[in-house]
Amino acid sequence: MISAKPFLSENVKDFMDYALDVIKSMDGAPEHNSEEKQLVNQKLDKLKEYLEIVSISYNETTPSISANAAIENTANFSGTGHS
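Heads up, the sequence shown is in this note's numbering, so the first residue is 1 and it goes up one at a time.
In case anyone wonders, no lab produced these hints; they're calculated from the structure. Some hints could be false.
As the list claims (entries may be wrong) - Pairs of lysine to aspartate or glutamate, EDC-like flavour, derived with a Cα cap of 16 Å:
1. K43 with E10
2. K43 with D14
3. K43 with D27
4. K48 with D14
5. K5 with E35
6. K48 with D17
7. K43 with E60
8. K46 with D21
9. K46 with D14
10. K46 with D17
11. K13 with E52
12. K5 with E49
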């Protein structure tokens, strides 16, 4: 199971490694029996959980922009292209 790690790149690497495993498990899909189909669907569900970990890691990594900073940045805008 993938657990959240401190660096975004580590979380993405784990996600991609697992995604490749899921893709390999899909090989021969037309010939899959019900057990194989169930296993692939379980892996896909887990892959979605791992993607959520990547999403959380990304959002924790990116800086947040406050409403005050956005207002301050537009205060000196002249709209003419010259300052």
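Against the structure, the hints:
1. K43 with E10: violated, 20 Å
2. K43 with D14: Within the cut-off at roughly 14 Å; holds.
3. K43 with D27: holds, 13 Å
4. K48 with D14: holds, 13 Å
5. K5 with E35: violated, 32 Å
6. K48 with D17: Between K48 and D17 the Cα gap is close to 14 Å, so the pair holds against 16 Å.
7. K43 with E60: violated, 26 Å
8. K46 with D21: holds, 12 Å
9. K46 with D14: holds, 12 Å
10. K46 with D17: holds, 13 Å
11. K13 with E52: holds, 14 Å
12. K5 with E49: Cα-Cα ~14 Å, so holds.
Checked against the numbered hints above, the structure breaks hints 1, 5 and 7 and satisfies the rest.
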